[in-house]
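Peer 1: Chains as they are written, first to last, in our numbering: chain R, 1 to 604; chain G, 605 to 868.
Treat the hints loosely; a few may be bogus.
Derived pair list, reagent style SDA-like, types lysine to any residue, alpha-carbon separation capped at 20 Å [unchecked claim]:
(1) R:Lys76 - G:Ala656
(2) G:Lys691 - G:Asp759
(3) G:Lys691 - R:Glu162
Simulated from the structure, these hints should not be mistaken for lab results.
Each chain, letter by letter, is given below.
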Amino acid sequence: MPVVDHGVADLAPIAVAAPILGAALLMLLGRRVPRLALDVAALVVAAAEVALVADVFATSTSGRVVTWVAGWTPHKGYSVGIVLVNDPVGAGAALCAASLVFLALLYSAGYIDSVHGHFHCLMLLFLAGMVGMAMTGDLFDMFCFFELMGAAAYGLTGMKVEEESSLQGALNFGIVNSLGAYISLVGIGILFAHTGSLSLPILGRDLAHQRPDALIVAAFVLVLTGFLVRAAMVPFHFWLADAHAVAPAPVCALFSGVMAPLGAYAAFRIYWTVFAPVVPVGDVRRAFLVLGATTAVVGAIMTLGQRHVKRLLAYSTVAQLGLLLLALACLTSQGTAGALLDAAGHAGVKGALFLIAGVLLDLYGTMDEAELFGRAARHRVLGWLFVAGGLALAALPPFGTGLGEAVSAEAAVSLGYTWVPAVFVAVSAATGGAVLRVGARAFFGLGRRPVEEDGAPSSDEEPDVHLRRVPVSMTVPVVALLLAALATGVLPGARSAAERAGAYFVDHAGYVSQALTGAQAHMAVHARANWAALGVGLDVLSALLAVGIAAAACYGPRLPALLALQRRPMRILRAVHSGRVGDYVAWLMVGVAVLAGLVGLPLR
Amino acid sequence: MSRPLRLVVFAAGAGGTAALFLLAVLDMPPFGSRFHPYRNHSVPAALAHATANVVSSVNFDQRGMDTLAEESILFASVVVVATLLRKTDDEEWRKERRGRVLDSTLLMGWILLPYTLLLGFDVVAHGHLTPGGGFQGGVVLGTGIHLLYVAGRYDMLRRVRPIRPFEWGEAIGTGAFACLGVAGVLATGAFLANVVPHGTFGTLLSAGTVPILNGAVGVEVASGVVVLVSAFLDQAIGLETAPAGGGKGGRAGNGRDAEGGGNR
Numbered sequence: 001m002p003v004v005d006h007g008v009a010d011l012a013p014i015a016v017a018a019p020i021l022g023a024a025l026l027m028l029l030g031r032r033v034p035r036l037a038l039d040v041a042a043l044v045v046a047a048a049e050v051a052l053v054a055d056v057f058a059t060s061t062s063g064r065v066v067t068w069v070a071g072w073t074p075h076k077g078y079s080v081g082i083v084l085v086n087d088p089v090g091a092g093a094a095l096c097a098a099s100l101v102f103l104a105l106l107y108s109a110g111y112i113d114s115v116h117g118h119f120h121c122l123m124l125l126f127l128a129g130m131v132g133m134a135m136t137g138d139l140f141d142m143f144c145f146f147e148l149m150g151a152a153a154y155g156l157t158g159m160k161v162e163e164e165s166s167l168q169g170a171l172n173f174g175i176v177n178s179l180g181a182y183i184s185l186v187g188i189g190i191l192f193a194h195t196g197s198l199s200l201p202i203l204g205r206d207l208a209h210q211r212p213d214a215l216i217v218a219a220f221v222l223v224l225t226g227f228l229v230r231a232a233m234v235p236f237h238f239w240l241a242d243a244h245a246v247a248p249a250p251v252c253a254l255f256s257g258v259m260a261p262l263g264a265y266a267a268f269r270i271y272w273t274v275f276a277p278v279v280p281v282g283d284v285r286r287a288f289l290v291l292g293a294t295t296a297v298v299g300a301i302m303t304l305g306q307r308h309v310k311r312l313l314a315y316s317t318v319a320q321l322g323l324l325l326l327a328l329a330c331l332t333s334q335g336t337a338g339a340l341l342d343a344a345g346h347a348g349v350k351g352a353l354f355l356i357a358g359v360l361l362d363l364y365g366t367m368d369e370a371e372l373f374g375r376a377a378r379h380r381v382l383g384w385l386f387v388a389g390g391l392a393l394a395a396l397p398p399f400g401t402g403l404g405e406a407v408s409a410e411a412a413v414s415l416g417y418t419w420v421p422a423v424f425v426a427v428s429a430a431t432g433g434a435v436l437r438v439g440a441r442a443f444f445g446l447g448r449r450p451v452e453e454d455g456a457p458s459s460d461e462e463p464d465v466h467l468r469r470v471p472v473s474m475t476v477p478v479v480a481l482l483l484a485a486l487a488t489g490v491l492p493g494a495r496s497a498a499e500r501a502g503a504y505f506v507d508h509a510g511y512v513s514q515a516l517t518g519a520q521a522h523m524a525v526h527a528r529a530n531w532a533a534l535g536v537g538l539d540v541l542s543a544l545l546a547v548g549i550a551a552a553a554c555y556g557p558r559l560p561a562l563l564a565l566q567r568r569p570m571r572i573l574r575a576v577h578s579g580r581v582g583d584y585v586a587w588l589m590v591g592v593a594v595l596a597g598l599v600g601l602p603l604r
Numbered sequence: 605m606s607r608p609l610r611l612v613v614f615a616a617g618a619g620g621t622a623a624l625f626l627l628a629v630l631d632m633p634p635f636g637s638r639f640h641p642y643r644n645h646s647v648p649a650a651l652a653h654a655t656a657n658v659v660s661s662v663n664f665d666q667r668g669m670d671t672l673a674e675e676s677i678l679f680a681s682v683v684v685v686a687t688l689l690r691k692t693d694d695e696e697w698r699k700e701r702r703g704r705v706l707d708s709t710l711l712m713g714w715i716l717l718p719y720t721l722l723l724g725f726d727v728v729a730h731g732h733l734t735p736g737g738g739f740q741g742g743v744v745l746g747t748g749i750h751l752l753y754v755a756g757r758y759d760m761l762r763r764v765r766p767i768r769p770f771e772w773g774e775a776i777g778t779g780a781f782a783c784l785g786v787a788g789v790l791a792t793g794a795f796l797a798n799v800v801p802h803g804t805f806g807t808l809l810s811a812g813t814v815p816i817l818n819g820a821v822g823v824e825v826a827s828g829v830v831v832l833v834s835a836f837l838d839q840a841i842g843l844e845t846a847p848a849g850g851g852k853g854g855r856a857g858n859g860r861d862a863e864g865g866g867n868r
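Sequences and hints are given; from them, build the entire structure.
Peer 2: Structure, rendered in structure tokens:
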């Protein structure tokens with residue numbers, strides 16, 4: 001088969017296997033070598049993985065890299081084997097994952113309890129899952145690596161076994177996500193029975209021009225459910241805050257930065273490759289605009305209502321994932337480009353914020369906003385970094401989050417959805433404002449000391465480690481992540497590159513024909529300046545609103561009358577987020593039915 | 605949510621999902637039909653590589669990448685269990701020994717032990733020929749060792765079954781699979797390619813890399829099962845929470861919010 005760059009096509013599966021080999025190695029070394037050697041070995045493996053994936057990514061920017069594993073190239077349009085298809089989005093997601101794991105391991109070096117290398121081993125297996133999922137072009141293979149990612153993630157969540165809440169958070173995470181995965185597996189089974197294939201390009205080709213009957217709709221909804229659970233789409237999102245509240249900070253950075261966005265990646269990868277020619281665009285667009293907006297708004301409201309810093313950041317991730325869904329739901333290359341820039345920027349910003357939150361926990365033994373009031377005043381540099389993160393979350397230019405939201409807003413407006421930019425501004429302002437509020441209180445002691453309200457119990461939590469001063473190995477990843485978020489918005493050509501990547505992502509015909517026949521497809525995209533006036537205006541507006549929200553929280557008068565009006569709906573919303581896994585399961589089933597209704601009923 | 609409310613919400617969601625599933629099933633090809641594209645392609649592919657057990661050919665040759673992931677899932681799961689069930693500071697080894705084993709149980713255990721281990725090896729070794737393979741045989745091997753526990757005592761099992769070599773076995777089995785994949789790249793340029801001579805169809809030396817990969821998985825699964833069961837046995841029998849006074853937290857619970865926090 002004519003594959004242009006043979007070398008890189010061969011390299012892609014090695015990039016999937018390398019972290020698995022590294023994990024095996026660390027397990028062998030675990031009890032034999034000192035901690036420093038474990039850290040170094042894990043960092044070397046992660047760095048090698050970054051280099052491998054970067055090579056694949058660099059090649060993919062000038063055309064997809066197709067690899068039929070074990071040489072099972074298609075014969076007369078059919079193959080029994082598994083294909084990896086690296087376009088800039090898939091390889092880029094893998095690169096993001098590998099880089100973030102490297103920084104998380106650097107942050108953990110010497111500090112996080114490694115349990116004889118078990119922690120390092122799980123981090124690398126987690127990475128293998130993410131890379132495999134991002135690179136594969138096979139539905140069942142994607143599911144397998146998705147499960148690998150999940151298995152490692154459940155364990156990483158519950159690392160602090162002395163704490164009961166830690167195990168409970170891991171259990172909620174594991175049960176809800178496993179249930180979602182089983183539902184996906186049912187969908188995969190239906191699709192396989194119907195077509196006799198699991199390969200995304202073959203499925204897409206064979207389903208094209210069929211009628212979107214009940215089987216197709218059911219397969220679409222069921223297959224996507226597991227991935228949308230991981231993407232924390234309302235009402236599948238409940239597990240996310242419970243898991244983030246208890247997982248070690250570097251693990252949270254990975255969960256929010258790449259794991260949850262990868263769920264959205266998988267859902268839309270499957271839509272574009274398999275279902276795009278069958279399920280009408282307008283139908284899918286409407287469903288995900290509704291669900292994305294709901295997710296963003298619920299996430300934003302819950303963010304504002306949190307006092308636990310890691311929970312607050314977790315709900316802001318839910319809000320951000322909602323915005324990501326809104327951008328992807330445009331179902332255009334431009335909307336996808338916006339989502340990519342936003343996801344890349346958000347990975348840096350939220351990663352940095354979680355790592356700083358982790359430092360606070362390790363220094364002061366609490367994640368409660370009121371207890372932290374003014375205590376971190378001597379860590380001014382961290383404080384300013386936290387504020388920068390808050391502003392970036394509020395989409396301040398020139399951060400990548402701002403660029404991503406600007407491009408997404410443009411994409412939505414060009415389709416006539418003028419309400420979408422309003423959601424972007426409001427949600428960014430709310431989440432950014434909540435983070436700025438925490439920063440202003442904890443690091444600068446601004447405003448009044450927050451009072452104990454709602455009878456929220458102040459909890460002393462088990463920190464990841466006990467720190468007296470902040471080591472360089474913890475601050476370097478924070479700075480690197482914020483710089484990466486900045487670079488996403490500043491680097492010339494970032495927007496053009498994202499739009500080209502988006503064009504590859506939504507190109508169903510090109511994906512199928514290149515995977516099955518090797519025909520190279522090249523995407524030409526007009527070079528564009530990163531920033532346009534509309535986007536900058538919206539971004540500045542949301543950043544200003546965020547500062548206003550934070551200032552109002554710190555200094556503003558208490559508004560008993562106004563609050564009293566909001567109290568009841570707020571209490572209901574809080575009550576729904578109960579922490580009970582049985583409730584989560586009930587909502588999960590509702591979510592499947594709602595998604596099926598949104599997609600299926602208009603097609604009748 | 606209150607319990608009745610939760611049931612109502614669940615019933616509404618599950619009802620909708622069940623309806624969706626039912627409609628899909630009605631559109632599915634009927635059971636036993638002639639439409640089987642994957643079978644039509646995978647059987648000749650298995651025969652071309654001299655693999656008598658087509659299922660093994662699919663698992664280890666045609667779709668070996670899936671199996672690499674699945675084997676890694678098992679590896680990860682066992683590491684997770686060992687991590688979460690590790691001995692904490694407020695736990696200590698139980699001192700007293702209790703219980704008695706019937707002589708007949710002891711006799712059966714000692715008779716069955718070698719037989720089970722032999723069966724396990726057989727299932728792994730013939731995975732490319734007959735139903736079975738590394739996963740199945742590995743489970744037989746891993747559980748077989750625990751006849752020592754059934755027919756003996758827990759502390760005896762702990763003495764004759766050191767856990768470290770099995771931890772290494774897990775890592776080596778997983779690593780070997782990945783290494784064989786990379787060997788495929790070095791030999792032919794294709795990851796997990798079946799690079800070993802295929803041999804004669806139906807004989808022990810056939811199917812190329814399939815029996816080797818089966819062996820790697822067998823080592824991994826057998827070791828993984830031993831580590832897994834030992835972690836659970838330690839928690840169930842071997843460890844007890846230290847008398848109150850020392851340490852905070854503790855897995856047995858100390859009255860803190862058992863629901864993972866909810867919203868604070």
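Peer 1: Hint by hint, note whether the structure agrees.
Peer 2: Quick rundown of the hints versus the structure:
no.: 1; hint: R:Lys76 - G:Ala656; result: violated, 25 Å
no.: 2; hint: G:Lys691 - G:Asp759; result: holds, 16 Å
no.: 3; hint: G:Lys691 - R:Glu162; result: holds, 10 Å
Checked against the numbered hints listed earlier, the structure breaks hint 1 alone; every other hint is satisfied.
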